[in-house]
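Protein chains: 2
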Amino acid sequence: MSPKITTELLKQLRQVMKNSRYVQEPVQAYIVPSGDAHQSEYIAPCDCRRAFISGFDGSAGTAIVTEQHAAMWTDGRYFLQAAHQMDSNWTLMKMGLKDTPTQEDWLVSVLPEGSKVGVDPFIIPADQWKRMSKALRSAGHDLVPVKENLIDTIWTDCPQRPCKPLITLDLSYTGVSWRDKIVALRSKMAERKVMWFVVTALDEVAWLFNLRGSDVEYNPVFFAYAVIGMNTIRLFIDGDRMMDPAVREHLQLDSTLEPEFKIQVMPYGSILSELQAVGAGLSPKEKVWLSDKASYALTEAIPKAYRYLTPYTPICIAKAVKNAAETEGMRRAHIKDAVALCELFNWLEKEVPKGTVTEIVAADKAEEFRSQQKDFVELSFATISSTGPNGAIIHYKPVPETNRTLSVNEIYLLDSGAQYKDGTTDVTRTMHFGTPSAYEKECFTYVLKGHIAVSAAIFPNGTKGHLLDSFARSALWDCGLDYLHGTGHGVGSFLNVHEGPCGISYKTFADEPLEAGMIVSDEPGYYEDGSFGIRIENVVLVIPAETKYNFKNRGSLTFEPLTLVPIQTKMIDVDLLTEKECNWVNEYHQKCREVVGAELERQGRHEALRWLLRETEPLARVQ
Amino acid sequence: MSPKITTELLKQLRQVMKNSRYVQEPVQAYIVPSGDAHQSEYIAPCDCRRAFISGFDGSAGTAIVTEQHAAMWTDGRYFLQAAHQMDSNWTLMKMGLKDTPTQEDWLVSVLPEGSKVGVDPFIIPADQWKRMSKALRSAGHDLVPVKENLIDTIWTDCPQRPCKPLITLDLSYTGVSWRDKIVALRSKMAERKVMWFVVTALDEVAWLFNLRGSDVEYNPVFFAYAVIGMNTIRLFIDGDRMMDPAVREHLQLDSTLEPEFKIQVMPYGSILSELQAVGAGLSPKEKVWLSDKASYALTEAIPKAYRYLTPYTPICIAKAVKNAAETEGMRRAHIKDAVALCELFNWLEKEVPKGTVTEIVAADKAEEFRSQQKDFVELSFATISSTGPNGAIIHYKPVPETNRTLSVNEIYLLDSGAQYKDGTTDVTRTMHFGTPSAYEKECFTYVLKGHIAVSAAIFPNGTKGHLLDSFARSALWDCGLDYLHGTGHGVGSFLNVHEGPCGISYKTFADEPLEAGMIVSDEPGYYEDGSFGIRIENVVLVIPAETKYNFKNRGSLTFEPLTLVPIQTKMIDVDLLTEKECNWVNEYHQKCREVVGAELERQGRHEALRWLLRETEPLARVQ
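Protein sequences, first through last, are from chains A and B.
Each residue of the first sequence is one higher than the last, beginning at 1 in the numbering used here.
Each residue of the second sequence is one higher than the last, beginning at 1 in the numbering used here.
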């Protein structure tokens, strides 16, 4: 990897920072955050502005360019990569280290008095703007919005914003029509006495209208905003996608509808002016609901007194609770996914000993098997296919420079998933194709105990996911071990593989309580730098639990695994399991046999079926 | 309990709300919070202004009086009590119920346009002021500080502010001299680049100067503030307490000292003017450190740009980590406390069957046995002595109206503790003096399993206490049971029985990580309304744990019980315990035998010793 030469680019950027065509007054610093205008986790190539200006293309980082300096803030996952990808024009700011200044402190230390710091108001979330603006102001500087993105002005070969065709989802996939979703949303709006709701997150727009797209890799979303009033629906979207008869039919664009369900289609770029018009026309006590993560530009369009900001929108919360059609779809998707993985692991077992299977080959093979399944759309994230020491790099993705050959002497960790039209999958299995060491088995078994502790947990209605995180760690903690990531994230239904508002993490983010119908991952792990990585991940559905008593009539919840892929028994030290844990494994494998076995049979995949049957032999625990 | 008649008082209050002697402009509403000027949990009689004006004397509640209305906000613990104690002038606002308005919303709904709402700026914490002020302003009203407390102007027989003699603690109790504490504090101040630190919490003043008082019942503190500069120490305290030669000697008031350790003693009431003088004399970049819970009055004394506010002060954090002298003191205190409780339970076992022991008699007897122990000072909180259905009232305190007689047919719950000069105790035991039912034993055993799960937990350095809370609930959750309070709180060393910054709770308050030397309670419970209450509480010390591995060299922690009082084995359903849990109970009881047994022997308390030996017979678990 050789660094990107950025001398000329930085010169150009510093010129436009002073060019009155783009800025009202010269800005002495310009901030280039990672995100897009929708605060998406995965972004389109045209939004990779920070990577363009610096060369550093990790998923997290913020660049700041002043007249004299160029600095990049990123976290521990990316120190090495950023150092490799950036040339000497750039200073790497290692976040999380004690002596690293914050962006605000650094700006204050390098800027001349009374400086202006520019940022694209569409890219920076309102809460971040507020924090940074306050810090700069108290040091005598100003944070100013620069309407035209300055990177775009110098990015001559910037890719176009994607504008791919849309997929319409009928009731058999969504369970609820977009009209009924609008009705439910308006009832939430009425409850909170708000008149308008602004949909800014891409997956929320997609969910609300029962549409999907492919503008962003891995995430079946499309670039759009929506503004929902009590009597109006405005969808801001570009391209001729709205010319597609199927889409027109789906949205009933050409039907005679009650006015409150008539969708007004408007250009994507007109959201700001339309929202400003909404803001200007508000009567006292009329509020507008926005996510507190919406961009500064859109938030500012509504006068402060009229804003109603919440960390999670009613769409985010409704979307998280899957209905029967979505749950059934997720079940189907996971069965197909399991079929693909049974094929893969059976194939790997035969091929790995030959020494010809690399991490990339294995990842490609996994995709090949998945793509053979009905309604397969694409992968749901970049496959983490890692063997030996690469397995200890938690966010590893094999590239030619790091690509390692699988062998019978190393642990193999595969974290992968797909988008099917009926659901989204995300599964991690850790396998050994030779004979694991006692230590590897010991560590694997602690991770498994943690996985089971969460999966089998019973907890009251209203419990937040973060209260379950320690269950996943307890067995590891007992031996002085741990893992440095959360235990679970929400999973979309043919939508983003990471979604709010629930999760299982030691980080106390403001998660919403778990509810029956929510779907999260359960993925504890253990990683030994330079040696191996272990993770066991199922996607699990929150379901009601039967309990002996029922305190305060609150009811209880537990999880049902949707993922049905064998957990390699060869890696388990059975003596470390309790009887209850042993039974859990055996019952889980029995279900894999029954459900996935039937599907393998149906698809005529007899060799993979034999592999499944062998891998799901019951564990025998010596009492 | 008949309600307090408040018609005349409210009339008087409404008059002073318009009296220009006390208010610059008339106020249309006046807020009477619960607290004192130090945001103390327990307050002195002279600070019980809300109880005076309303009659309601529960520990939590806020009164607001307008020209037309008088309303009281309190939580579910006190709905019944408040309803009994208040007359018809008052409207009870039941917090936590869906339809109950917030104080701000209610004020907005009842006030005429452009109203002024008054509050004593010394009583309201700065963060609460900010929230309420913002809400009122956005509705066109103003929150205004009223310097003279309006309740005090009409409270003709208001008790005097206590001003009791001080106790000096030498190094054998504190481990660190006040001079060294000042040095450590100044080094924390230098780290954060602050020039001044304002000590507002009473227990922080007491801890810093190695002094104790008795101005507030149960809390060995005294009314004082301190302002620590890099070269100055100012102690704001009233009365002739500073004339006491022992105190003068302890604080070296008459010695020739380096100027930076010379304590300037000033009147308690001069804190505001002195702090305003500090605020006025600050140079740019000179910051003043305050708790973000300090009063609005003191916070406002420092111009905004110079304030450095944190949720926990460096004293709060240092105070929480007990040194060797404090830990040894706490151990001694808990052994003496165990002696008293062995005596009590032995006595109860004999007396309860006679039918003459009431909850109050039992509480008094507990205090009597404790007071026989060396260095006993007072109780550390009002004893919760509750039998049968009273045990299900979590914050119960027996009064003549509710006083119930202990019997061989009901569960008895005793939550009690004391202040000894060498430490503070807080212990709950749940006993049956007859034959418990299978169901009572079952519930008790789940609570015990939760208690053990926390007490025996091993967790990495840096773990916050709230991550352990679910361990305490898991066994209850499995059966659909739970308890509606936190699992543990920090405990002071001959100081407040509740202290920050650590704790074990499902509520994600901003707790600081647990560290070796911290002391918390471990007190899961189970309560069945109208039937019984169960709680098992030990005070436990955070200690380093030995583990098989040591991930990232972080080290691990666990707990050592300081409380050494038998857990009634009669209440345990041994079949529900795992082997590990059974061993834990037996090892715990073995330690009670050895340590407390030796002390009972030394004190010649042979009958109680025989009781202890009988109660600590090992459990036998059928495999």
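Quick caveat, the hints were computed from the structure, so don't treat them as lab data.
Yeah, the Cβ is synthetic: ideal placement off N, Cα and C, and Gly gets one too.
Incorrect hints may have been included.
Pair ranges (Cβ atoms, derived) [to be verified]:
1. B:Glu560 / A:Arg621: 32 to 40 Å
2. B:Leu97 / A:Asp375: 43 to 51 Å
3. A:Val176 / B:Ala510: 51 to 59 Å
4. A:Ile543 / B:Pro112: 20 to 28 Å
5. B:Thr7 / A:Ala324: 55 to 63 Å
6. B:Lys98 / A:Val176: 41 to 49 Å
7. A:Lys193 / B:Asn583: 52 to 60 Å
8. A:Glu579 / B:Asn409: 48 to 56 Å
9. B:Arg554 / A:Asp292: 28 to 36 Å
10. B:Pro353 / A:Lys580: 35 to 43 Å
11. A:Gln24 / B:Arg21: 48 to 56 Å
DMTMM-like, lysine to aspartate or glutamate: derived pairs with alpha carbons at most 25 Å apart [said to hold, decoys possible]:
12. B:Lys421 / B:Asp375
13. A:Lys580 / B:Glu442
14. B:Lys304 / A:Glu25
15. B:Lys134 / A:Asp99
16. A:Lys134 / B:Glu286
17. A:Lys94 / A:Asp375
18. B:Lys181 / B:Asp170
19. B:Lys350 / B:Glu368
20. A:Lys591 / A:Asp575
21. B:Lys552 / A:Glu104
22. A:Lys421 / A:Glu442
23. A:Lys285 / B:Glu104
24. A:Lys285 / B:Asp57
25. B:Lys188 / B:Glu442
26. B:Lys580 / A:Glu8
27. B:Lys147 / B:Glu260
28. A:Lys304 / B:Asp254
29. B:Lys304 / A:Asp87
30. B:Lys188 / A:Glu579
31. A:Lys287 / B:Asp142
32. A:Lys18 / A:Asp99
33. B:Lys287 / A:Glu104
34. A:Lys552 / B:Glu104
35. B:Lys193 / B:Glu274
36. B:Lys285 / B:Glu300
37. A:Lys134 / B:Glu274
38. A:Lys98 / B:Glu368
39. B:Lys262 / B:Glu286
40. A:Lys507 / A:Glu546
Hint check:
no., hint, result
1, B:Glu560 / A:Arg621: 32 to 40 Å, "holds (33 Å)"
2, B:Leu97 / A:Asp375: 43 to 51 Å, "holds (48 Å)"
3, A:Val176 / B:Ala510: 51 to 59 Å, "violated (39 Å)"
4, A:Ile543 / B:Pro112: 20 to 28 Å, "violated (53 Å)"
5, B:Thr7 / A:Ala324: 55 to 63 Å, "holds (60 Å)"
6, B:Lys98 / A:Val176: 41 to 49 Å, "violated (26 Å)"
7, A:Lys193 / B:Asn583: 52 to 60 Å, "holds (59 Å)"
8, A:Glu579 / B:Asn409: 48 to 56 Å, "violated (37 Å)"
9, B:Arg554 / A:Asp292: 28 to 36 Å, "holds (34 Å)"
10, B:Pro353 / A:Lys580: 35 to 43 Å, "holds (42 Å)"
11, A:Gln24 / B:Arg21: 48 to 56 Å, "holds (55 Å)"
12, B:Lys421 / B:Asp375, "holds (5 Å)"
13, A:Lys580 / B:Glu442, "holds (20 Å)"
14, B:Lys304 / A:Glu25, "violated (30 Å)"
15, B:Lys134 / A:Asp99, "violated (36 Å)"
16, A:Lys134 / B:Glu286, "holds (19 Å)"
17, A:Lys94 / A:Asp375, "violated (43 Å)"
18, B:Lys181 / B:Asp170, "holds (13 Å)"
19, B:Lys350 / B:Glu368, "holds (17 Å)"
20, A:Lys591 / A:Asp575, "holds (23 Å)"
21, B:Lys552 / A:Glu104, "violated (31 Å)"
22, A:Lys421 / A:Glu442, "violated (39 Å)"
23, A:Lys285 / B:Glu104, "holds (16 Å)"
24, A:Lys285 / B:Asp57, "violated (38 Å)"
25, B:Lys188 / B:Glu442, "violated (50 Å)"
26, B:Lys580 / A:Glu8, "violated (68 Å)"
27, B:Lys147 / B:Glu260, "violated (33 Å)"
28, A:Lys304 / B:Asp254, "violated (59 Å)"
29, B:Lys304 / A:Asp87, "violated (42 Å)"
30, B:Lys188 / A:Glu579, "violated (51 Å)"
31, A:Lys287 / B:Asp142, "holds (22 Å)"
32, A:Lys18 / A:Asp99, "violated (32 Å)"
33, B:Lys287 / A:Glu104, "holds (18 Å)"
34, A:Lys552 / B:Glu104, "violated (31 Å)"
35, B:Lys193 / B:Glu274, "holds (21 Å)"
36, B:Lys285 / B:Glu300, "holds (18 Å)"
37, A:Lys134 / B:Glu274, "violated (29 Å)"
38, A:Lys98 / B:Glu368, "violated (53 Å)"
39, B:Lys262 / B:Glu286, "holds (22 Å)"
40, A:Lys507 / A:Glu546, "violated (29 Å)"
The earlier numbered hints that this structure contradicts are 3, 4, 6, 8, 14, 15, 17, 21, 22, 24, 25, 26, 27, 28, 29, 30, 32, 34, 37, 38, 40.
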